[in-house]
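**Q** Make the full structure from the sequences, and use the hints.
If you read the protein sequences in the order shown, they are chains A and B. The opening residue of the first sequence carries number 319 in this note's numbering; numbering runs sequentially from there. The opening residue of the second sequence carries number 982 in this note's numbering; numbering runs sequentially from there.
One thing to keep in mind: the hints can contain errors.
Unchecked claim - Computed far set for chain A versus chain B, every beta-carbon distance over 12 Å:
id, residue
1, Ala320
2, Thr335
3, Gln353
4, Asp372
5, Pro383
6, Asp412
7, Glu419
8, Asp423
9, Val434
10, Asp447
Unchecked claim - Label-pair restraints from in silico Cβ distances:
id, chain 1, residue 1, chain 2, residue 2, range
11, A, Leu410, B, Ala1007, 43 to 49 Å
12, B, Arg1065, A, Asp361, 22 to 28 Å
13, A, Ala440, B, Gln996, 22 to 28 Å
Unchecked claim - Partial list, derived from the structure: chain A residues whose beta carbon lies under 7 Å from chain B:
id, residue
14, Glu340
15, Val344
16, Ile347
17, Gly348
18, Phe351
19, Arg436
20, Val448
Hints listed in this document are in silico derivations from the structure and should not be mistaken for laboratory results. Glycine included, every Cβ here is placed at the ideal spot set by N, Cα and C.
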Amino acid sequence: MATKKFMYVNRRAPYGTIYAWEALEVVLIGAAFEQDVSLAFVDDGVFQLMKGQDTSGIDMKNFSPTYSALGDYEVTKIYVEKESLEERGLTLDDLQHLVWEDEDDDWAEKDSIRLVSRAELAEVFAGQDVMFNF
Amino acid sequence: MKLTIQVNEGPYQHQASDSAYHFTKAALEKGHEVFRVFFYHDGVNNGTRLTTPPQDDRNIVARWSELAEQHDLDLVICVAAAQRRGIVDDGEAERNGKDATNIAPGFRISGLGQLIEGGIQSDRLVVFGD
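**A** See below:
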């Protein structure tokens, strides 16, 4: 069976609800199925990728280090919506630096995050086969 | 068309479960194939037989069970989400040393791979949630 294009859309803040964490669990399990996987972070979902997260005050597991492992799961396309960042006063510098190693290019380290406009992301979405919304 | 349905919200709290049920039922009646219904997040609470709604209200859990029996539907509850929220079948009770089960007829507990497989095998994955 041909590979499908899977898109996981992350729309919510990392804590407050469990959606972000359970979405990440789907992505990690799904990686074993060798599909063409992309992630998108929009709306409050951009907060999931913030660096320097500290959950010690709310007695919840800080799962943000898991995002930096996505490259090892061959999840290398991470779309971040520019307008969502700007609306929240954030820039790419506020986010973790996520990378993957390209085995076809002498294991060169490459950026996973692709900063795209809302209109560009709509086009990316239009090209997907399976959309998960979290 | 072959469909997989994902239900992300619990019964009564949120309309997603009702909408998913009505959509699934309508799709089956139109002759579409439903490969699987996958319950995730609080959606796993759709699969407890201990639900006791008032008699003049719809019984969301029983409704799913009946639809499963009529159409041989595959109703799958995510194991990781179920463990967090206390949805238990015989296997889970034994593995985790629980003194009771509560899974409703027609439901089974399995892994997230079942959801991914649904996405791969189906023409459409239809998600009901918030």
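**Q** Now tell me if each hint is right for this structure.
**A** A quick look at each hint next to the structure:
1. Ala320: violated, 10 Å
2. Thr335: At about 9 Å from chain B, Thr335 (chain A) fails to clear the 12 Å cut-off, so the statement is violated.
3. Gln353: violated, 7 Å
4. Asp372: holds, 23 Å
5. Pro383: holds, 19 Å
6. Asp412: It holds; Asp412 (chain A) is separated from chain B by about 26 Å at its closest Cβ, greater than 12 Å.
7. Glu419: Consistent with the label, Glu419 (chain A) stays out of reach of chain B, its closest Cβ about 24 Å off (over 12 Å).
8. Asp423: holds, 28 Å
9. Val434: Holds, since 22 Å exceeds 12 Å.
10. Asp447: violated, 8 Å
11. A:Leu410 with B:Ala1007: 43 to 49 Å: holds, 44 Å
12. B:Arg1065 with A:Asp361: 22 to 28 Å: holds, 25 Å
13. A:Ala440 with B:Gln996: 22 to 28 Å: For Ala440 (chain A) and Gln996 (chain B) the Cβ distance comes to about 27 Å; the hint holds.
14. Glu340: holds, 6 Å
15. Val344: Cβ of Val344 (chain A) sits 6 Å from chain B, so the hint holds.
16. Ile347: Result: holds, 4 Å to nearest chain B Cβ.
17. Gly348: This interface hint holds because 4 Å falls under the 7 Å limit.
18. Phe351: holds, 5 Å
19. Arg436: violated, 21 Å
20. Val448: Check passed: Cβ of Val448 (chain A) comes within 4 Å of chain B, closer than 7 Å.
Taken one by one, the earlier hints fail for this structure at numbers 1, 2, 3, 10 and 19, listed in ascending order.
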